[in-house]
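Chemist: In the order they appear, the protein sequences are chains A and B. Counted from 1, the first sequence has number 260 at position 260 by our numbering; the numbering is strictly sequential. Counted from 1, the second sequence has number 261 at position 261 by our numbering; the numbering is strictly sequential.
If you are wondering where the hints come from, they were derived from the structure by calculation, not from laboratory data. Don't take each hint at face value.
No distinction is drawn between identical chains; accordingly, a pair holds when it is met within one copy or between any pair of copies.
Straight-line C-alpha distance at most 25 Å; calculated SDA-like pairs for lysine to any residue [as the list claims (entries may be wrong)]:
id	residue 1	residue 2
1	K290	L42
2	K290	Q224
3	K290	R183
4	K80	A130
5	K290	G206
6	K290	E26
7	K290	A321
8	K290	G207
9	K290	P209
10	K290	T108
11	K290	E148
12	K80	A339
13	K80	E103
14	K80	E127
15	K290	E144
16	K290	D20
17	K290	S23
18	K290	R22
Protein chains: 2
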Amino acid sequence: MPRPEMIRWSEDGAAVELLDPRSLPETPSQLRLESAAEVAQLLRARGVVGQGLREVAAALGFAVELARHRQLAQTAFRHKLEEGYEVLRQTQPGDPGLFRTLERLRRTATRLRGEAPAAVADAVRGEASAVLEEAGAAGRRLGEHGLELLGRRATVLVHGRGWELTDALAPLFAAHDAGRRIRVFVTEGRPTLTGSRVSAWELQRGGVPVAVVTDAAAGLLMAQRRVELVLLGARHVALNGDVAAPIGAYTLAVLAAHHGIPAYAAAPAAAVDPQYATGAALPLGTCEPKQVRRGFGRATAPDSVPVFPPALDVTAAGMLAGLITDRGLFRPPRDAAPAALAGAEPPGRE
Amino acid sequence: MPRPEMIRWSEDGAAVELLDPRSLPETPSQLRLESAAEVAQLLRARGVVGQGLREVAAALGFAVELARHRQLAQTAFRHKLEEGYEVLRQTQPGDPGLFRTLERLRRTATRLRGEAPAAVADAVRGEASAVLEEAGAAGRRLGEHGLELLGRRATVLVHGRGWELTDALAPLFAAHDAGRRIRVFVTEGRPTLTGSRVSAWELQRGGVPVAVVTDAAAGLLMAQRRVELVLLGARHVALNGDVAAPIGAYTLAVLAAHHGIPAYAAAPAAAVDPQYATGAALPLGTCEPKQVRRGFGRATAPDSVPVFPPALDVTAAGMLAGLITDRGLFRPPRDAAPAALAGAEPPGRE
Numbered sequence: 001m002p003r004p005e006m007i008r009w010s011e012d013g014a015a016v017e018l019l020d021p022r023s024l025p026e027t028p029s030q031l032r033l034e035s036a037a038e039v040a041q042l043l044r045a046r047g048v049v050g051q052g053l054r055e056v057a058a059a060l061g062f063a064v065e066l067a068r069h070r071q072l073a074q075t076a077f078r079h080k081l082e083e084g085y086e087v088l089r090q091t092q093p094g095d096p097g098l099f100r101t102l103e104r105l106r107r108t109a110t111r112l113r114g115e116a117p118a119a120v121a122d123a124v125r126g127e128a129s130a131v132l133e134e135a136g137a138a139g140r141r142l143g144e145h146g147l148e149l150l151g152r153r154a155t156v157l158v159h160g161r162g163w164e165l166t167d168a169l170a171p172l173f174a175a176h177d178a179g180r181r182i183r184v185f186v187t188e189g190r191p192t193l194t195g196s197r198v199s200a201w202e203l204q205r206g207g208v209p210v211a212v213v214t215d216a217a218a219g220l221l222m223a224q225r226r227v228e229l230v231l232l233g234a235r236h237v238a239l240n241g242d243v244a245a246p247i248g249a250y251t252l253a254v255l256a257a258h259h260g261i262p263a264y265a266a267a268p269a270a271a272v273d274p275q276y277a278t279g280a281a282l283p284l285g286t287c288e289p290k291q292v293r294r295g296f297g298r299a300t301a302p303d304s305v306p307v308f309p310p311a312l313d314v315t316a317a318g319m320l321a322g323l324i325t326d327r328g329l330f331r332p333p334r335d336a337a338p339a340a341l342a343g344a345e346p347p348g349r350e
Numbered sequence: 001m002p003r004p005e006m007i008r009w010s011e012d013g014a015a016v017e018l019l020d021p022r023s024l025p026e027t028p029s030q031l032r033l034e035s036a037a038e039v040a041q042l043l044r045a046r047g048v049v050g051q052g053l054r055e056v057a058a059a060l061g062f063a064v065e066l067a068r069h070r071q072l073a074q075t076a077f078r079h080k081l082e083e084g085y086e087v088l089r090q091t092q093p094g095d096p097g098l099f100r101t102l103e104r105l106r107r108t109a110t111r112l113r114g115e116a117p118a119a120v121a122d123a124v125r126g127e128a129s130a131v132l133e134e135a136g137a138a139g140r141r142l143g144e145h146g147l148e149l150l151g152r153r154a155t156v157l158v159h160g161r162g163w164e165l166t167d168a169l170a171p172l173f174a175a176h177d178a179g180r181r182i183r184v185f186v187t188e189g190r191p192t193l194t195g196s197r198v199s200a201w202e203l204q205r206g207g208v209p210v211a212v213v214t215d216a217a218a219g220l221l222m223a224q225r226r227v228e229l230v231l232l233g234a235r236h237v238a239l240n241g242d243v244a245a246p247i248g249a250y251t252l253a254v255l256a257a258h259h260g261i262p263a264y265a266a267a268p269a270a271a272v273d274p275q276y277a278t279g280a281a282l283p284l285g286t287c288e289p290k291q292v293r294r295g296f297g298r299a300t301a302p303d304s305v306p307v308f309p310p311a312l313d314v315t316a317a318g319m320l321a322g323l324i325t326d327r328g329l330f331r332p333p334r335d336a337a338p339a340a341l342a343g344a345e346p347p348g349r350e
């Protein structure tokens, strides 16, 4: 079974359809987003849509916005184009990936300056479709590169997404599609529960045998030799190969090292950030204390109790067996540090 | 501030008052239990009341039951006594601690055979009060023994209760009462969330500075050198000092060893079980998959997804810096293995 689609064009082509992660796993439902403003609103809902998906959603949202205005006169259309660009850009002004994706679409429009708005809208839509397809292809490439780590049978513990579409689940779907007999344990991923809510649903929906394990149970799982490989979905990669990944990844890397189990990080080449020579300064972000204190609706901690806030933790390259990217598998010391990938365009920009 | 009372006699003396752990932290409320049957019903609600508290609750419940029947004639009274004994015993037929506690009260009644039922009921009540007081005293002793591990200032990560009343929180309350400046991080303790729901509430209520940390974040906490000592509340102790503790304890022990931070287990001497020479066969129990899939009403994992079920994990004595009990601190190799404590009576039975 193929991997479930997280994002796509609506059948009538007038909207972006996005699987609402907040609806998982209980009542999986598609959001229908019909304007840049609607997409932007979703992107601003903190933590709802992850890194890779965010860029694709912005691209599709921008194209949908231009299509809405295809009947306008040139000047009015250009005005709407700039407005749509800004509203999407402002959802995360400091994000280079989002900036590059939106710039790519705007350049397409700029090249057609003078053409009828309808033609410009169609061209931008074509470019947005390319962004969508390329992200899917990058995910499949990451999956293929990860495949060589898995035998005909394998039991894998996976933690964190980092990037959606090009993430740590990709090698699992690739292995499943290749007929390998794999079994997957997925960590809950407190406090967001992305593992049990989203990844477990996605793997199950895709036909991959999966069980959920609480984050704290990973030690016992390894002590009982129930996993052969650990996959960590990374958010940021430093030039030396250190990674920042959803909190708990470092704990799993220490456990894996203690038990002699190889742990690999997975991230697209675009996650290698030339700003960071090592992991020491990689941003750890913050989770919402509410996710810890009443993440399930009911209070699960006193409302006034402080919460240790980081959303990510850092794992040194030396703790990892390697890094799986859409541009290849990096295994130190055999391979160069992922610095070779620094400044890579987002997936699909090759 | 003293430690909050988890269990006590009601003011009118006719009932057991027990802080309902299910009500924490949102609306702390006392359960008023007026018969052996009511206490038994609570004890049968799986996982609601922990080991140490269970024995004390059974003792108080037995005494309350006899008081209800103090006006009966001898034969009818003896019949009620046996009935009450059985209903409480059957809540956990294989538990030696519960058996010993109930036997202790029944022996008190047997010694007074021939006396008026009212006199027997009063004597059993006195013995139950002794059980309650001794459990509190054992907790305080465990606290005192743990105190020597803490400096004038200390930052401690605590995980798991294992036993209530004589548990890993005791050294923290002892240190706080002794005027030490301690700060505590408490793990959430998925899937039961006993750490964030109960321990965090209890520490905060007792005036101990506390913050909650998700289980998976413990690695980062240690990498950032934010904790100096790890305390693990153990449920069972093997003769060689291996411990079974709420799941995640082993993960924390591995992390602590990796970071050179001492990790101690805490449990009453009564937790040393002579059935088990080492930790290899210690029972791991099972959690309820529902606590993982929809612990708080909302679904947090697909309903059909399998869940890795152990409720406890085992940490080898060699991974621990020592074991804190109500009968002393055991630090191998300086001290003998806790086998010396094997077969110890429940706390307070000295």
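Chemist: All hints, please: hold or fail.
Modeler: Against the structure, the hints come out as follows:
1. K290 to L42: Classified as within; 19 Å inside a copy, 31 Å across copies.
2. K290 to Q224: The answer is between: 23 Å across copies meets 25 Å, while 34 Å in one copy does not.
3. K290 to R183: between (33 Å within a copy, 22 Å between copies)
4. K80 to A130: within (22 Å within a copy, 80 Å between copies)
5. K290 to G206: between (31 Å within a copy, 23 Å between copies)
6. K290 to E26: both (21 Å within a copy, 14 Å between copies)
7. K290 to A321: Answer is neither; intra-copy 35 Å and inter-copy 35 Å both fail.
8. K290 to G207: between (33 Å within a copy, 22 Å between copies)
9. K290 to P209: between (32 Å within a copy, 19 Å between copies)
10. K290 to T108: neither (42 Å within a copy, 51 Å between copies)
11. K290 to E148: Neither. Shortest intra-copy (40 Å) and inter-copy (36 Å) distances fail the 25 Å Cα cut-off.
12. K80 to A339: neither (39 Å within a copy, 78 Å between copies)
13. K80 to E103: This pair counts as within: shortest intra-copy Cα distance 15 Å, inter-copy 83 Å.
14. K80 to E127: within (18 Å within a copy, 82 Å between copies)
15. K290 to E144: neither (38 Å within a copy, 36 Å between copies)
16. K290 to D20: Cα proximity of K290 and D20: in one copy and across copies (20 Å, 24 Å).
17. K290 to S23: Intra 18 Å, inter 19 Å, cutoff 25 Å: intra and inter.
18. K290 to R22: Both: 15 Å inside a copy, 20 Å across copies.
In this structure, the hints that do not hold are numbers 7, 10, 11, 12, 15, in rising order.
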